[in-house]
Structures are given as C-alpha cells and as structure tokens.
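A.B. asks: Sequence:
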Amino acid sequence: MTKLKVVFIDIETSSLHFMNGVIRLIAFSDGNSEVVTTTMVDDELREILKNKDILKVFHNAKFDVEFFIHNGYEVNNYSCTLVMAQVLGEKELSLKALTNKYLGIEMDKSMQNSDNWSDDKLTQEHIDYAINDVTNTRLLYYRLLDELLKRNLLETYERERRALPSIVMLELNGIKMNFDQWNKVLDYDRELCDEIQKEVRAILGLEELNLNSPKQIVEALYEYGIKLHSTSDDELAKYSDDHEVVKLIRKYRKLKTKIRTYGDKMKTFLCKDGRIRGSWWLIGATSGRMSCNNPPLQAMPSSSREFFVAEKGNKLICADYSQVELRVLASISRDETLINYFNEGVDLHTGTASLVLNKPIGEITKEERQVGKILNFGICYGITAYGIQKNLRKFGIDISLEQAERYRVEFLKGYPKIKELQDKLLRANGIMSLGGRYWEGRALSMTQRLNFPIQGSAAEGLKEALALLVCNMKSSWKLVAIVHDEVVIEVVEEDVEDAKDILKFCMINGMKKIIKDIPVIVDISINDNWCK
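In case it helps, my numbering puts the sequence shown at residues 141 to 672.
Just so you know, the hints here were simulated from the structure itself, not pulled from any lab data.
Just so you know, not all the hints are guaranteed correct.
To be verified - When the alpha-carbon atoms are kept at most 30 Å apart in a straight line, the in silico DSBU-like pairs for lysine-lysine are as follows:
(1) 396 <-> 553
(2) 513 <-> 391
(3) 324 <-> 249
(4) 391 <-> 614
Said to hold, decoys possible - Label pairs and their calculated CB-CB ranges:
(5) 505 <-> 232: 48 to 54 Å
(6) 233 <-> 546: 45 to 51 Å
(7) 264 <-> 671: 53 to 59 Å
All of these numbers come straight from a predicted model, not from anything done at the bench.
Yeah, the Cβ is synthetic: ideal placement off N, Cα and C, and Gly gets one too.
Based on the sequences and whatever the hints tell you, model everything.
C.D. replies: Right, dumping it as structure tokens:
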C-alpha cells in the first residue's frame, strides 16, 4: 500500500468537532480498487497518512485531518474536493450537491448526522454509507480535476491546497483569551448602554421606550418629527448629524451588538483550556480571502486584542504587511508615480496628499496626510465624493461635496494608470487576480470589479506565505490567528528570534510570488498579547 500515489479517505465521527467526538469508522481506497473500512488506524493506514509521497483526498479535508491529528496521527500531503469546488466558483459545497451537479448521482445522506454515529455498534448500513462517500469522492475528484485543467485554474487550486494545513493548524491550536478581564471592559459598555437609553427616553419623553424594538423606534421618532423608512443604520445615519437623539440610538445599537457578539456569545466558544477555536475557511469570501466565524476572530474590536494572550513562557509574534493592497494596485496598474513612491520609500499617504493638494511633500500636515489616506484606500475601490466626505468627517475634517469630488478627480489625475485600470475593469467581461483567480464580470457589482483583483491578489500572496510557513515552522510553534494581511504565531520565549526571522522571510517571499516588482514590507512585533 505504501507505493500508492492517491488514496481517497472518509471518516465518520460521533461529533462535528474533533474535541468532542471520536472516529467511528474510516473508509479508504486507492485508485479504482475496492473501498476498505476499519474502525481504527492500523500501521498500514498510519503510514499512508504520514507518507508525503501519497496524496490523500478528502471532501472537506480540514474536518478529517483535524480528527486524525487530534488523535495523534501525522497527516501529510492532502487534497480537498470542497476547496476544488470553491476555486471553480461553486456555492453549494456539500458532497451530495456536487456529485449531483458534476456526476448526475443522487446520494442518500440520511446517515450524515453525527447522532447516527453516537453508538460504537456499526451496522452494514453504516459501512455502506461510508463506502459510498469514498466512491463518490473519488469520482468527483477526477471530474473536478478535469474542470480545473480546462479552466486553467489548477495552479490557483494548488496554491489553496498548499495553504490548507494553515487552516487545520488554526483550528487545532486556537488562541488563549483572558475572557474575564475582557468581560470587565464590556461592563463599562453595558453601563454606557443604560445611560444612553435613559438619555434617549428623556429626549423623546417616553420612559418605557425599548431601544431594541425597531417598531417602537420608528413610532417614537415619527412623533418627534423624523419619518424613517426603516431603522437600518444607513437610514439612521441620514439624520444623525442633525439630531442628537438619532446619534445616541446609533451608538446604543453599536454597543449592544458589540456586547452581544463579543461578550455574551464569545464566552460560549471558550474551551476548557482557555483557548478559543474559531471555524476557519481558506476561501471564506468570493474575493478569495480567508474568513473565520464562531466566533468572528478576524473582526474582533481592537480594544479586545490585548486580552488574547500567550501561554506562560511563550510570546506572540505579530507580523503584518505594510499597505499590501496598495502595493498590489501598483503592480496591477503599472502607475509610474505609485511605483516610484514605493521604490523610493515615500510615505504613500503623504505622497497622495501632495499630489491632490498640489503642495510639496515636506509641507503636508498630519491632517492633510489623513486626506491622502482616505483617498488611497477609498478611490481604488470606487469610493464616491459622498463617501470621501463621510469618511473624512469621522476624523473631524469637514469638506463640501464639491471639494470631495475635486479630491477624487485630482487623485485620478495624479495616478492616471489607476484611472485606466478602473475604466478597463468596469468594462471587462471577466476579472482576474495576479495569481490567476477568475470572476465572471456580469456577476459582479461595480465595487467588486474594482475590489476583487486587489483583495484577491493580496489573499493569494498571503496563502503563498502560509504555504511556506507551514513547511518552515518548528512543530512546537503554533499558528494562532490570521487577519487578511496579518499573521500571528505563538512560540516559546527562547525561539522568538528564530521564529521572527522565519515568519518575516516566509511572508515577504510568499507575497513576492504575487507582487513581483514592488518592495514588500513586513512589520513585526513581539508581545505577551495580540497587540502591534
């Protein structure tokens, strides 16, 4: 069996989470040979899992691989039909849906629920179910492989496949959180909510008003003289500048969402070892970016980060790319001014402010630099004059719509190749990233057409970096968090310098496979907690 090149594997478990369940049945097969089933990992299967020269194919590989690794078995060189389908743009990713679409096979998934595997007694029905899963995974793999080749997406998939172990590491490792201390911080927000509610009730003259009820808010504001079409934040924002009560309602809602999402709910994700293990997805967005939910670790409030900590005797190494999406933009657009700024080490936000305001770089103030920053991160994604005005107001910079439009026009004059690129993207039938990911133009909004090539390319560079990192990390080092352009690892204190150098090397050289002609800068900090 050790001479095999491809083995198809499926496991059935008593729980959907590796920490709460056990493996009940393993089914595997090489090539077109008969499917073998077993309830334990014997020496032969252990060698197959470990052997780097044998490709293991799973559907939703992270699930099976995490169970194997958690139970002490090394797994190397694996592929995933679910990720293959994602690269092909599929939305329905279950084995049942994919085999139906690509093979015309209607699978019986009545045994799928883990409750059917809670008992260690297995029937022939259990065995037939597992055999069927492997058989169809095998057929689906070759069908999807053909499709990837046909659409010239095999290299794109291979990049995802090589980065797949990073997702497994993130879910197995988790990240330690001092939740009790964080919850004390949220207590202040809870008190603030109570104060805001009292203030709103006083302004509107309604002592029993429930700020969590959209119906009551609409009725109360109508009586106050504000006629809302809905209670969405966008609708409320229209009245926020002119009415303090609306501003307070918006603030109350944001605080309530923060408390609910990152406080009360967060506690339910805390494992017995004090670590939080999110559900990570290698392709979590249409752009190709990674995502995390249950809980949304990538979207945690900045004020919570200091409460994510290293274990005693360890350090967290936090590394993030400097302005990586703007570097991608320079690489795609070939704009000479933008490229020169990066090559000469000019601060890009200051440089943009200089172009737009027609002032020497050395005379740009801190406030003017903020204007440059808003324009850099907004216009490359198609921001309007209203959006520019709205974003600058957040920083206390108040300008007219006409002035905001002038800024937008001057920006595109200063970077003419960016304007050319945007015009081309808005007309294109299809959009491509630097790494070969493809999107049908007709399926995209204007913002997506401008956004996806940049975000998608940056995501590809990150995944190249992760693929390098998983090959160069010591087994004792832990990958614990990723946020789009940031990677966090946890290491013992004596390994800090080695780990820092390896992490930086992998991040720079991984991104350089995508951004080949613009300097890549990585900033690194070493802390006891997840702070820059």
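A.B. asks: List in ascending order the numbers of the hints, as given earlier, that are violated by the structure.
C.D. replies: Violated: hints 1, 3 and 4.
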